[in-house]
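Keeping the supplied structure of chain D fixed, place chains V and E upon it in accordance with the hints.
Residue numbers (the numbering used here), protein chains in the order written: chain D, 1 to 254; chain V, 255 to 408; chain E, 409 to 1018.
Worth double-checking, as some hints may not be accurate.
[Unchecked claim] Simulated crosslink set (DSBU-like; lysine-lysine; CA at most 30 Å straight-line):
#1 E:Lys560 - D:Lys240
#2 E:Lys792 - E:Lys998
#3 V:Lys366 - D:Lys113
The set of hints was computed from the structure by calculation and includes no laboratory data.
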Amino acid sequence: MTATLEDAPAAEQPAGEIPTFDVTLRVRRYSPENGEESTWDEFTVTAHGTDRVLDALHMIKWEKDGSLTFRRSCAHGVCGSDAMRINGRNRLACKTLLKDVNPDKPITVEPIKGLPVLKDLVVDMEPFFASYREIMPFLITHGNEPSRERIQSAEQRERFDDTTKCILCAACTSSCPVFWTDGQYFGPAAIVNAHRFIFDSRDDGATQRLEILNDKEGVWRCRTTFNCTEACPRGIEVTKAIAEVKQAMITRAF
Amino acid sequence: MAATVPDLAAPRDPYARRKTTRSNYELYGWIFMRASGALLIVLIFAHLWVNLVSGEGVNAIDFGFVGGKWANPVWQVWDLVMLWLAMIHGTNGVRTIINDYAERDRTRLVLKLFLYLAFTVVVVLGTLVIFTFDPCPTDAAADLLPSFCSSLPG
Amino acid sequence: MQTHQYDVVIVGAGGAGMRAALEASGEVRTAVISKLYPTRSHTGAAQGGMCAALANVEEDNWEWHTFDTVKGGDYLVDQDAAEIMAKEAIDAVLDLERMGLPFNRTPEGRIDQRRFGGHTRNHGEAAVRRSCYAADRTGHMILQTLYQNCVKQDVEFFNEFYVLDLITTHDLSQGDVPDDEDVHATGVVAYDLQTGEIHVFQAKSIIFATGGAGKIFKTTSNAHTLTGDGMALALRRGFPLEDMEFFQFHPTGLAGLGILLSEAARGEGAILRNSEGERFMERYAPTIKDLAPRDIVARSMANEVREGRGCGPNKDYVLLDLTHLEPAHIDAKLPDITEFARTYLGIEPYTEPVPVYPTAHYAMGGIPTNVDAEVLRDSHHVVKGLYAAGEVACVSVHGSNRLGTNSLLDINVFGKRAGRTAAAYARTASFTELPEDAAARTVAQLDEMRDRPDGDRVADVRRALQETMDANAQVFRTGESLGQALTDIRELQARFRTVSVQDKGRMFNTDLLEALELGFLLDIAEVTVVAAINRKESRGGHYREDFPKRDDTNYMLHTMTYRRPPSAPDAVDGTVEEYFDHVEEFDGYKVVLGSKSVTQTRYEPMERKY
Chain D
1 MTATLEDAPA AEQPAGEIPT FDVTLRVRRY SPENGEESTW DEFTVTAHGT
51 DRVLDALHMI KWEKDGSLTF RRSCAHGVCG SDAMRINGRN RLACKTLLKD
101 VNPDKPITVE PIKGLPVLKD LVVDMEPFFA SYREIMPFLI THGNEPSRER
151 IQSAEQRERF DDTTKCILCA ACTSSCPVFW TDGQYFGPAA IVNAHRFIFD
201 SRDDGATQRL EILNDKEGVW RCRTTFNCTE ACPRGIEVTK AIAEVKQAMI
251 TRAF
Chain V
255 MAATVPDLAA PRDPYARRKT TRSNYELYGW IFMRASGALL IVLIFAHLWV
305 NLVSGEGVNA IDFGFVGGKW ANPVWQVWDL VMLWLAMIHG TNGVRTIIND
355 YAERDRTRLV LKLFLYLAFT VVVVLGTLVI FTFDPCPTDA AADLLPSFCS
405 SLPG
Chain E
409 MQTHQYDVVI VGAGGAGMRA ALEASGEVRT AVISKLYPTR SHTGAAQGGM
459 CAALANVEED NWEWHTFDTV KGGDYLVDQD AAEIMAKEAI DAVLDLERMG
509 LPFNRTPEGR IDQRRFGGHT RNHGEAAVRR SCYAADRTGH MILQTLYQNC
559 VKQDVEFFNE FYVLDLITTH DLSQGDVPDD EDVHATGVVA YDLQTGEIHV
609 FQAKSIIFAT GGAGKIFKTT SNAHTLTGDG MALALRRGFP LEDMEFFQFH
659 PTGLAGLGIL LSEAARGEGA ILRNSEGERF MERYAPTIKD LAPRDIVARS
709 MANEVREGRG CGPNKDYVLL DLTHLEPAHI DAKLPDITEF ARTYLGIEPY
759 TEPVPVYPTA HYAMGGIPTN VDAEVLRDSH HVVKGLYAAG EVACVSVHGS
809 NRLGTNSLLD INVFGKRAGR TAAAYARTAS FTELPEDAAA RTVAQLDEMR
859 DRPDGDRVAD VRRALQETMD ANAQVFRTGE SLGQALTDIR ELQARFRTVS
909 VQDKGRMFNT DLLEALELGF LLDIAEVTVV AAINRKESRG GHYREDFPKR
959 DDTNYMLHTM TYRRPPSAPD AVDGTVEEYF DHVEEFDGYK VVLGSKSVTQ
1009 TRYEPMERKY
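With the rest of the complex left out, here is chain D (with noise of 0.2 Å):
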């Protein structure tokens, strides 16, 4: 009686459509054991009409080759382990639909661009972090605590809702063509997690985030490109929000 997996794209598919398909998945794979040369694997397996990239690498993992190697959690895009760059495009495996990237072509899996790879989809998180850590992401604010909640008005709050959207995937920092250079720009996340304390009405710490990305590997570094807005799977505009940094910084320099 449970609503099972194999029920659910009967359920959900309109009448004629069919329910399984097989698909194809060429990923990129590299063991750090066994040679430097990273290499191209192909498999197919059985997919159901509301599987996502993610049930297809699990069954890769569980049904064919065990040695599989990705970061995965929440499997429902809120936990940011598993973006991955899904037929050239980065996205979140656990919400991208098989059916929505063309399954009769192989589907092509890479680990994200720009941070070191580990093994297969894995990749090296620290320095993306280091940049996050490096912009103060945390609440700066002088004077006394004060006993109740800090007052905060509505539109105030809405101010930085875009940003506080975040979960550190790492889908636009690695998107961003600039980043891929030399990996010492801060990076789209980096500043979008600055804005959501910059425009924050109860943050005191503006004036030294902004010094910060200030830097020759800063904000001006943003050439605009949009791909982070396009890669963000949680639709934050953060080609905007760059923007407003930078606004920020010429209205405090004039």
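Just chains V and E, lined up with the frame of chain D:
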């Protein structure tokens, strides 16, 4: 199950973020690009209008026309500003492209040296020409010169 | 192998772990070991809110909150603990706000509050607005805010380290220890996923904050990583697990997928309907209807489906109707969950109702602790230097059914308490010597698992476990179905001893870790089913069709499950209440049940009506 294509670039080496450098240079650079861009639109279109459209249009252009314009200090300043702004704007643009796309430090250095060299040559020559332009150089062949040169005294 | 020494070691970097870290790291040398990057923890998936009687929008007080918690838990709640939680809830919310959490605001700029299942005014009169929230991503904001403050405080993290063993001075799974002898927790053994290296952490205080075990079920809102590691490690060292038969099934999981749609949807006015379009909750809970506690709503939904009023071609789900709400209101208050419906089912919630069905959500049971988060080794004695907080622990503030939002409260209130007591103990205690071969057992286990010849696949055994649990130990249970589940689990335990992994490498061997996690899942499923077999009554999240009434005379007690050697006596902890004498033999050990009394202060058990 595994079709293997071996010729892929090896995954990149580990790295750490470098020490940060803080200054307002990039800020002013960014503002300069926007401001000079806006100004250049005015300068260039006015320049194109005067040279190509007004009066007899493009047919009027010769050494004499250029000499005539530069006899007026307004046009000297106009063209000088246009030259400098365009060169700084363009050079800075190419510089950021090099920064974005040249992956190795050495490549960057070499490309930027070329860029700065080209900048210097064009700006110095251009500036000299604006202030020293002579439509009738004394030792030039007569048929290359505008007609009014012959009527001028020696 | 590397050895580390810290005053306090915290296992798990979700809400409870990081809340504890914020308390402890300022006081003593603290390390947080987590099998995920902290921001990946499943606290981030919590949606609806965190209740506290702030009374920002209407009259409220913490005593009502205590009552709701006790009643929601079907009176199996320890009332002293519930009182502490409800009282400290107010500070917990204000703490978070001061740390920077962006709560939604009232027009006056204060923290806004909304209705939530089971939270009422004046002991059940009507639904009350008590839940403090940030859209439908309150858990995300809590997790981010706590991590941000950990960055601020420079907390030391060991990310992607799997804790695989708990080191203690006595192994109770090898036999009982006299009451007057202290049992100390002295360290943990961890496996660095990236390098495959073993790390031994010696500590004065160890806090377990490893979260739940939802993956014992197939349809679950839980993350793939929620495999009951902490509970299983404690169990394997002979420490008891409390009230494991009580598992919460969240009413509104996306049908077929189990992805959570917050109760906040109903808090904002959404309505559950059956195939006849009837608002069926009016029949089951006339007063608060769709906002009844989760066990009641989940059972009502399952009952509608069972009686043929389910929707869809297979009549196997009901509908959550938001179509009468303003799209702008939905966007402002419920943006994420409506996106889930669009992404995963292709349903537009503005205009179409969303198919939902109960999904395994939360373990009310866990490692027993007192109100200071100290772990109990039986119903009275604490383990020195061992603490637990969050879903892994059972204080017990949730009793037999947790109220919505009380989990986010639990992690903050008891996470903070765990951090404080652990740090205070570490300041007075000294390190206990670790055995020479502290990591030997873990290393042997890993090597043996890696080197096994080809056998069963981990995924096949896990799937079989999840299927039997879904079929036999879900919303409706009977003695027969539970017996079937136990038979299946015994067989799967045997198969588990032959499972093999394909990845033989050292670095990032997630194949190997999934095998170890399967072992944890089997152990947790086993005690869950054994405890459920023994409880021949229906209470909260545990519903026995063969015993549909609550039986306060015989079962107003917490279940304690112990793992003991086959030779041990069939009773732990002195006197055994009559109905808690169940023993199940397994290959190489047995599970012995015991009981623990329920603390009652203000509230006499009453019939639970909404």
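The hints, checked one at a time:
1. Distance check on the hinted pair: Lys560 of chain E and Lys240 of chain D sit about 27 Å apart at the alpha-carbon level, within 30 Å; holds.
2. Using a Cα cut-off of 30 Å, the hinted pair Lys792 of chain E and Lys998 of chain E holds, with the two alpha carbons roughly 25 Å apart.
3. A hinted pair counts as satisfied when its Cα atoms are at most 30 Å apart, and Lys366 of chain V with Lys113 of chain D qualifies at roughly 26 Å.
Consistency note: the structure conflicts with none of the earlier hints.
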